[in-house]
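S.K.: Chains U and C supply the protein sequences, listed in that same order.
Quick note, in this note's numbering, the first sequence goes up one by one and the last residue is 2735.
Quick note, in this note's numbering, the second sequence goes up one by one and the last residue is 380.
Treat the hints as calculated values from the structure; they're not laboratory data.
Please note: incorrect hints may appear among the correct ones.
[As the list claims (entries may be wrong)] Here are the simulated DSS-like pairs of lysine-lysine, each with C-alpha atoms no more than 27 Å apart in a straight line:
no. : chain 1 : residue 1 : chain 2 : residue 2
1   : U       : Lys1469   : U       : Lys1496
2   : U       : Lys1537   : U       : Lys1564
3   : U       : Lys1803   : U       : Lys1639
4   : C       : Lys359    : U       : Lys2391
5   : U       : Lys2050   : U       : Lys2596
6   : C       : Lys359    : U       : Lys2732
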Amino acid sequence: MSRVGKISVVIALIALVGGLCWLIYSNWFKPTSILVVNPLPAQEAEIILNNDSRNIKVTCVSMEEAKDFESYDAVLMYGRGLYLDSIQLRSLDRAAGKGVPVFTNTLRNFSFVVNHNLDSLQTEKLQLYFSNPCRENYRNMLRYVRSISTPDRFGDKAFSEPIAMPSNMYYHLEAGKYFDKAVQLTEYLKKKGLYSPTGKNVAFVSGVNFPVENNRAHIDTLVTRLTQDGYNVYPLTATGKARERMIKDVMPHAIIYLPMGRLGNDSLINWAYDNKIPLFMPYPLIQSREEWLDVNNPMGGGTLNARIVVPEIDGGMTPLCISTQDPSPEGYLLYNPDRERMNAFISQFERFMNLREQSNSEKKVAIGYFKSPGKDALLASGMEVVPSLYSFLKRLKKEGYNVHGLPATLEQFRHQIMKQGSVMGDYAPAAQEKFMDEAAPLWINKKDYERWAKEILLPEKYAEVEQRYGKAPGSLLARGDSIAVAALRYGNILLFPQPRPALGNDDFKLVHGVDVVPPHSYLAPYLFMQKEFDADALIHFGTHGNLEFTPGKNAGLSQADWAEVLVGNRPHFYFYTTGNVGEAIIAKRRSHAVTVTHLTPPYVESGLRQKYNALIENIHAAIADPSRNTSALKRQIIGLGFHRDLELDSAFSGTYTVEELKKIDSFVEELANEKITGAYYVMGEPYSSKDMNTSVLAITADELAYSRARKDYEKGKISKESLQDFTFVSHRYLPDAKRYLSGILEGSVSSAQNEGEKALEIRQLLKASAGAEIDAMVDALNGVPVRPAPGGDPVLNPNVLPMGRNMYSINAEATPGPQAWEKGVALAEQTLSEYLKKHGEYPKKVSYTFWAGEFISSQGATVAQALRMLGVEPIRDEQGRVMDLKLIPSEELGRPRINIMVQVSGQLRDIASSRLKMITDAVKLASDAKDDVYPNYVADGSIEQEKALVDKGESPKRARELSKMRVFGPVNSGYSTGMLRYTENSGEWDDRSELADGYLNNMCAMYGDDENWGVINRNVLESGINGTDVIVQPRQSNTWGPISLDHVYEFTGALSLAAKSIGSKTPDAVMADYRNSYIPRLQDTKEAIAVETRATILNPDFIKERMKGDATTAQMFGEIFRNIFGWSATRPEALNDKIYDDLYDVYVEDIHGLGVKDYFERVNPAALQEMTATMMESARKGFWNPTDKELSAIARLHADVTAEHGAPCTEFVCGNRKLQEYISSRLDSKNAEIYEKEIAKALAETSGSKRLKAESKGFMSDKLNESTADYIAVVIVAVLLIIVVLAITIRRKERK
Amino acid sequence: MWLQLLFFTIIGLAAIVRVSILPKRVWIPIVVCWGILAIFLTLYMSGLTPDEINGILYSKTLVVYEFIELLLFVLIVFSSGRVGRIIGYYPGIMILAPIALLSSVASRSFPGFDFMIPGLLAGASVCLVSAALVFLCRHLRLEKDSLYMVSLFGILICIIYYGMP
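From just these sequences and the hints, can you work out the full model?
M.R.: Printed below as a string of structure tokens:
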């Protein structure tokens, strides 16, 4: 045989032997390979961890990754949500054909169930293993599968039968130990020496079924730590009634629940609160640590809902993330408790529990309140702070707290807190010096401060503070090596104002938002509170502060987040107005606050019904009978100035048309019915009986009126149009309803058909509410949990009563609900019909403002409007959650699809991130709609946006991707547009375009999808705003209006200004008014401002009511003036031309003889200084053209108050050198000198005005920089080469 | 700007002349390849920003590469024998630059359309225009000396362009 032949034979033999070996191995020795499809990460980890056999190899894959089923010996599938495509199914069939056992674990009737090569007994056994997940069952299941799939393979195939796990059980750390009854677990704990006879019982509900064994490091850690600290922990897993029974059997002193939805139904929750059992709800996240800490990866969707939103309904406290799920070295996911967060939770839990043990005399309570810089009043929305705070402190004293040194009278207390508890602005260094010399602040030594910072803060966070503000003690309220902290100490009570969260230039930069790092002066009081004072509880007093609005994660904060770390592990309580649920939710989620609601100011009579009754009658008569429509009527209307508010003609001759009269009628009717609030609420003081009645009427009269109108409609007495006509119903039914209910409340009328019952009930609840918040807070400080309740305006939702409760939000996943959808559709179509009527064509783009409070109160009707505009509607599952979207066919829609743009507050972004993504999906759907019979402005808008972005330097692909982005919000996870500070620091800007620039830079973060979440791109925002035809602002509360709430001009005004600045026209601005829950309607913003102006700030009755209030109420006037200024700066078209003249008449000339000046000088001179300063600044800016006489009068008033009471040191006045000079220029020399002296006392030399800096970070292109040397070298080489070539050429030619 | 356009024109002209002196069985596939490249370049360019495109197309490095290619064309003109046969098949690759410029314009010219559409249009345009120009050159019986003159001129443009700030 040749050599080649021999080699071939050898090779063949080797191959044969190898093949035989492989055959033997694969048939008899190879480990059984089991494929597990679609397990949850926890299940995957459990299965793999419990595989203790070398002869079994387990591979876990997701359903998308599943393939090559035939290459495995057995296939096990989790049926929940399982779907396999046709390729996978064919592979599965091949596997089945080969005899591979396939099993699908089903708990319910899933549509996909595939079992192959298993008989019924085998199927049943496998189901038992799966249904009773525990260590032993996982282990034995794998062995069992090996035994049936590869019975001929060598190696251990022994297995045990499935262990039936109780579906409801108590357990503990030891695996395999389960108990049916609490007493059994108690015996077990005693036997193990883990039971503390004096210890408190804790029912620990860890979730449903799993994790029970393995992969539960977070549970074991909690149980171990609490047991070590002396608690008797009863971990249990159960559902429904069994859970309720088992919890009650424990007789717990506290319940810890790792939430997945509600703890139980109302009977369990009520039982817990009735027995004063607090509910703690920390949670693990099925996310990696990296994802958890990523600020641009907000918690949303089902996770937010199940872990936080729904547990809030039960009043769960401490929503802390205590564990993440991270890959082990082997690659499967395990729960990974975060040590710091676990410590934080345990500390908060134990401190709260300790509140009921500690005597009140020993308890230390820190109370943070809010105040503007300077001499302005303490602030809280709707609450008179100083008297409320004093009432609360007196109550604490009565309860046995050590409040030593509390002044005997309110006036003394007020004086003390204004002197010692002030907030300083960095623009007033002289005032700071004075404060440090005279106000007896707390002095914190740099050494102590740095030591505390080191103990509490992450090193990198403190490094950020030092980088921005230098080493401690910083520049504000610093002297030598110490920081001065404004504080008052009464025994064991510490009062401190929340300092300024940023300083100096940080306020004015127009770069892409300021990632606010608080200065040393901000950290100091909180660190002191934790480390030196060692508070047992922290209370924030009133709505609202700024700590919870420092940028960072929306929920599940960590030690890296200021809101969480500065509050520390103290039980945190927050007095909060019920009218502001949107921002309350942020405080709950970002600083683990327990909110305690308090009443809004009472609703009072505006007095306008009487004033305009005759006019209304005349108008109605004129509408009904043209002969009564006279020019005298027109002159009367013009004389009242309504023509300016409604943009009607002002000629005295002629008459108004019927349409115009109807418009005026609607306006006047609204004025007459406008709900206004009186003097701010003082805690503990019930409304006066008059205010009580008017408040009850505000809450109940509308409902009765509409109920009667509906009955008449059902009887055919009125048409559907009339039923839906706000003016008609108000005029026809509301006065009678009010009269009737007034009679009920006075006792002169008895309730017929239960119509008056509700009014009596509401009155009872309002009475019970006064002081309820103090009671609830006192109880909370004793470790009694605060009951949950919805939040919102009591007029719209009386269920918020009584007060003293902990607010909760809504399930964003279920929005928009069916009713909200109906409202949203109605408003969207009304927006279009109004625009069509006004302009003769449909708008091409509508811009929306979304706020959290309105979203919650309207149950997502705001989102519904946007969807309807696009021509998209939601698809809901059986549980009412919005799972998907679908296009409304063009023919059904009956109009073009309208393009939208949405600006959101940070609060809304945090609570409804999934809705923002849904809107983006809707835009994509609408944009890609084919075969529309009407124009598709959404598609057109996307193309325009794409073109604009390409022109601005985006790549076409990226521009295409961004062309569908329509949702924008504050940058760097911030919460506001920044416009309030920019606008009101009016000395720092000269041109409105600077404000627009600030807005565009601060609001250009996209919040549309995961890939671009939080990504900043100003060009996209500009192209999104460009072409806006209408801006829609939601309005869902009677407690605020467009001039009483700054955020309205902040969003609507700023957006309007931004649109104009980029070359677009000034869009229409309307308010989507949901305040009347029966007839939501649209109202022009200018009209809304006019109504509120006439009903409040220019209404003598309103002013008189408010003048019954104290300093905080007085401060409100200054705020309204500043808001009017804000409108002038951003959208002057929204204001009546004469508004400043009217304000001058009322507040400077005091034409109504109300004694305005005396009032302000008595309660809050700084407010009057603010008001006069605002008028002067408006004149200086050219927003108002007063006469010289008027200017001098205002300047004189301002200067007189300043001379009498000193410079107010509020930011608007003392931070604006140009304004001060302007005021000075309007005074005579003597008064000017006095004025300037007073101002100089507060200020140091200014460094001139700081211009708003636009740090533009445009796109920088990379250009190659060739050095000169390279250039010369290349040229020389080139020339040489040419010479060579030429030489060659010539030489060749010569040869030829 | 005009110098940039002249530069790209020279690149294109040189490549067309170069290819026109190749046999039919060679230049036709080359032109088709150019068209296919135009499609892919369009898709690629759609993912680049103007600054990135500028960085590629208006860089001095490109000038250097074109300079080298033109020298190679000169070498093709004067070389013979085995070396001449080998480098004789070099068609020129710098034609990619003007194709890339065309592709970048195409990718931005059809907002809202699938990027494949401008790609196909660019590809077809490149193919047809190139083929037409090659036909013209062959009709004019342009030979190696024409290539030589174009290359020399191009070299001069490169030197001037490189020296411009």
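S.K.: Hint compliance check: list the failing hint numbers for this structure, sorted ascending.
M.R.: 4
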